[in-house]
Amino acid sequence: MSAPVLDGAGAAATAPARFVAHVMGTAVSLALRGRHTGDGAARDAWAAVVADLRRADALFSPWRANSLVSRIGRGELAPADAGPEMAEVLAIGAAAARGSGGAFTLHPRGRFDPCGVVKGWAVERACTHLRALDDTGWCLAAGGDLQARAADDGEPWRIGIEDPAATGRIVATVPVVDGAVATSGSAHRGAHVVDGRTGATPSGIAQVSVLDASLTRADVDATAAFALGEDGVEWLAHRAGRTALVVRSDGAALTVRGPDPADG
Amino acid sequence: MVSPVRRIVVAVMATLSAVTLLFGYRTSTSGPDTTAAAASTARSPGTTSTTGGTTGGTAAASGTGATTVTGDAAQTRYGPVQVQVSVSGGRITAVDVVQYPDTSGKDQRINSQAIPQLVDETISAQSSRIDMVSGATYTSEGYVTSLQSALDRAGLPS
Chain E
1 MSAPVLDGAG AAATAPARFV AHVMGTAVSL ALRGRHTGDG AARDAWAAVV ADLRRADALF
61 SPWRANSLVS RIGRGELAPA DAGPEMAEVL AIGAAAARGS GGAFTLHPRG RFDPCGVVKG
121 WAVERACTHL RALDDTGWCL AAGGDLQARA ADDGEPWRIG IEDPAATGRI VATVPVVDGA
181 VATSGSAHRG AHVVDGRTGA TPSGIAQVSV LDASLTRADV DATAAFALGE DGVEWLAHRA
241 GRTALVVRSD GAALTVRGPD PADG
Chain B
1001 MVSPVRRIVV AVMATLSAVT LLFGYRTSTS GPDTTAAAAS TARSPGTTST TGGTTGGTAA
1061 ASGTGATTVT GDAAQTRYGP VQVQVSVSGG RITAVDVVQY PDTSGKDQRI NSQAIPQLVD
1121 ETISAQSSRI DMVSGATYTS EGYVTSLQSA LDRAGLPS
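Protein sequences, first through last, are from chains E and B. Residue numbering for the first sequence follows the numbering used here, beginning at 1 and increasing consecutively. Residue numbering for the second sequence follows the numbering used here, beginning at 1001 and increasing consecutively.
Examples of chain B residues toward chain E, derived with CB under 8 Å:
#: 1; residue: Ala-1114
#: 2; residue: Ile-1115
#: 3; residue: Val-1119
#: 4; residue: Asp-1131
#: 5; residue: Met-1132
#: 6; residue: Gly-1135
#: 7; residue: Gln-1148
#: 8; residue: Asp-1152
Source of the hints: derived by calculation from the structure; they are not laboratory data. Since the structure is predicted, the reported quantities are computational estimates derived from the model, not experimental observations. Cβ coordinates follow ideal geometry from the N, Cα and C atoms, glycine included.
Using the sequences and the hints given, assemble the complete structure.
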């Protein structure tokens, strides 16, 4: 059993079992609590998650010469002929571009690059393998974006939202029972998100974190809101079912709550 | 970089067809300090009631005396939310959420839209128990020195 850690507040918390793999150019971390944490079912689920993500990387990485994305980029493959998964990713990206007035784009810097969609989408899909673990809470994170579910009657996952100005510190915590948190910002990779309307690096906003039931939506919205720069806050306030934490460039932090999702 | 924190400024409530909330906080130069003691700010005798308008805006802060204004409780799907603004010398000195939907327990189980709780900057991740980190995307190299990596190492069998 692993020792309890990071528990300075003295809360009676169970340290989760953890797994790490490097996929998609980043680290993927899984935490498990409950019935299946280190048994064969847990290890099989983790292996299936990693296999899913490796496959998504093989299909969508712009850094792999044989990926669908690279082949489309070279004009060797029409997007329409690139299979159902590409169709799904393109549809998500197109909807995000429409919904953000073009700030979100599948063609940052003029090149076809669906990275803004793929990570959240792939991680959410891979969670299918974790949902199959009974009486088990799980939290799957990839490079700062995560989808989580607490076990029935289990404690919520406590998510720390990182301070963009001081890596290693957190600006907020949020308990997640069943949902996703995605963060977009300039902290680690420099300016890799551009405003699709202008091609410029967004300004005014240091970081956007979005909570939603779905990591696909949270990830796309975080990227879109960050790309919108100063307009992102107002935009987020109209996104149904989302809650966001926005850290401005001057350090101010805002919580933005969109309208409730439509019932049903 | 690291500046003393104080939660402050702006609270805006927009009551649209559904409720939209914007809680504002800002770092302040007014000194090091403590947690934003949410519920501890006493309501002053001069409490007045104000209904939130639509978006945007800083709460009006004119006049020079110290006053505390408590907004009407806004009904949200998850319970009432009420914000109190303290104004002194024409400046907003504090915003406190005096009523807040309970983000624990049963309601929370059906609520994937919990509200992030700002933490005091003087509190490190080590003293605020967290399971996982959400932050701007890092690479595999960047991960090595990340907070997430520290959490993972702590839980992995060595």
